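Novice: So you can see what is in the structure, the chains are spelled out below.
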Amino acid sequence: MIDEAMAQEAGELTTGTEVPADAHSSSFPPFDSATFESQIVWLVLSFVALYLLMSRVALPRIATVLEERRDRIADDLDQAAQFKRQTDEAIEAYEKALAEARAKAQGIAQETRDRLKDETERQRLEIEARLAEKIADAEKKIAATRDSALQNVRTVAVDVAEAIVGRLLGDNDRGAAERAVDRELA
Amino acid sequence: MATGAEQAGGFPVDPLHQFVVQPLIPLNIGGLDASFTNASLWMVVTVVAITLFTMLGMGKGSMVPGRMQSVVEGFYTFIADMVRENAGHDAMRFFPFIFSLFMFIFFANMIGMLPIAFTVTSHIVVTFALAITVFIGVTLTGFVLHGPRFLKVFVPSGVPLALLPLVVAIEVISYFSRPISHSVRLFANMLAGHIMLKVFAGFVLTFMAMGAVGFVGMILPLFMIVALTALEFLVAALQAYVFTILTCMYLHDALHPGH
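Chains as they are written, first to last, in our numbering: chain Y, 57 to 242; chain S, 63 to 321.
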C-alpha cells in the first residue's frame, strides 16, 4: 500500500503540473489523484481505529452479553426439564400409592366379606344343629305320647270289653278280655 | 451542497461538486500528504458514529435487550451468521474485520444520505483500498493456510483436460479482477445515485426559476427525488451487504480451496 501511495504521489505531481490552478473542479473529483494520498492516509487511520475499537472493546462486549443470555436460556431450559422430571416422578409415586391403596382396600373388603361369610355359615350350622336336636326331641316326645296313648287305649278297651262282657254275660274274665283286645289291636 | 448553485452557469447545481475533496487542515507528515479534508472528517464521523452506536446501544448489556441493544445485537448476529454461512465456522476469527468492514461501509453510505454530508464510499480510491486490502488479506490467508495447494483455487474439479488451460486462464483473470469489480461496484453505485439525486434537484430549481408554469413542471422531478432517496437508502444498505458477502465468499475460497 505504501508503493501505491508513492505511485499516487508521482501521479499527483504530473497532474499538478498539467492543471496547476483549479485541479478540483476541472476534473472528475473521484478520479482526482491529488486527493488519493490524504484519503488513503485517513482511511487507514480511521479503519484501523475502528477495527481496534470493534475487536478489542465493542465485539467482545456484545459476544459476552449474547453468550450469557444463551447460557441463561440453556440453564433455564435445564431447570425446567429437571422440574418436569420431578413432577413426573411425583405423579408416578402418587399413582403407585393410589394403586397400592386400592389393592389394600380390596384386600380388606375381601377379607371382611370372607370373615362375615364364615361367621354366617357357622351360625347357620349352629342353628340348624339346634333345630335338628329340637326336632328329634319333639319326635321322641310325640312317640312317647303316642305309645302311652296307645297303652291307654288298650287299658280302656280292656276295661270297656270287660264291662260289656260282664253286663251281658255277668262273667268278669279280665284275662280273656285282655287277650281279645290284644288280638284286635295287633 | 447548495453552494454549487453559484458556480455552475446554466444548470443551477453542479452534480459533481458534492464529491470534491477540500482540505480543511493542510497537513504534511514526512512528505506524506495527510491533510485533514472533508473526506477525512466524514471518515472520522463514520467511525465515531459506529463506536457510539455499538457502545451506547449496548448500554449495560442487559439480559433482556431494549430497542437499541436489540438493533446492535441484530447487526452482530446478522454479520456473524453471514460469515458462518458463506465462509464457514473457521472464518469466525476474521469476524472482527468483516464486522468492521460492513459497519464502515454501511454507516458511510447511510451518513452519505444526509444532505450536508460527504459520501466517503463515492471515491474509487477508498473502495479500492478496502477491496485490495481484502484481496491481499484473502490471498495471504490462502497461502499461509494451504501453501502451494491454494493454487487449486484456479483449477476447478471435473474439467476435461483439453479445456483445462483455457479454464485456468479464465480463473486466474477472474481472480485478479476481483478487487476491481469489488471496488467499482460499490463506488459506481454510490456515485451514480448521488449524481442522480443532484440532477433531479437541479431540475426542480430550474423549473422553480421559471415562475408559475415551472411550479407544475417541478412536481415530477420532485417526486423523482423522493423516490430516488428511498431507492438510495436501499442501495446504501444493499451495497454494504454485497461488499461484505463477497468478502466472505473470497474468504471461503482461501479457507477451503478446490471446492
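It should be emphasised that the hints constitute simulated quantities derived from the structure, not laboratory data. These numbers come from a predicted model, not from an experiment. No residue lacks a Cβ here, since even glycine has one placed at the ideal position from N, Cα and C. There's no promise every hint is true.
Claimed, not checked - Some chain S residues near chain Y, calculated using beta-carbon distances under 7 Å:
{"no.": "1", "residue": "VAL82"}
{"no.": "2", "residue": "MET125"}
{"no.": "3", "residue": "VAL187"}
{"no.": "4", "residue": "GLU233"}
Said to hold, decoys possible - Quick look at which bits of chain Y chain S covers, simulated, 3 or more residues with Cβ under 8 Å:
{"no.": "5", "segment": "103 to 114"}
{"no.": "6", "segment": "117 to 130"}
Novice: Would the hint on S/VAL187 stand, with a C-beta cut-off of 7 Å toward chain Y?
Specialist: Given a least distance of 5 Å, the restraint on S/VAL187 holds.
Novice: When I compare C-beta atoms, does the segment 117 to 130 of chain Y have three or more residues closer than 8 Å to chain S?
Specialist: That given contact holds, which follows from 9 residues of the segment 117 to 130 of chain Y lying within Cβ reach (below 8 Å) of chain S.
Novice: Would you check chain S against the segment 103 to 114 of chain Y, counting CB to CB pairs closer than 8 Å, and say if three or more residues qualify?
Specialist: holds (count 9)
Novice: Just to be careful: measuring from the Cβ of S/MET125 to every Cβ in chain Y, is the smallest value less than 7 Å?
Specialist: holds (6 Å)
Novice: How about S/GLU233: closest beta carbon in chain Y under 7 Å, or not?
Specialist: violated (25 Å)
Novice: Given S/VAL82 as an interface hint, is its Cβ closer than 7 Å to any Cβ of chain Y?
Specialist: The hint holds - S/VAL82 has a Cβ within 7 Å of chain Y, the shortest such distance being about 5 Å.
Hint compliance for this structure: hint 4 is the single one not met.
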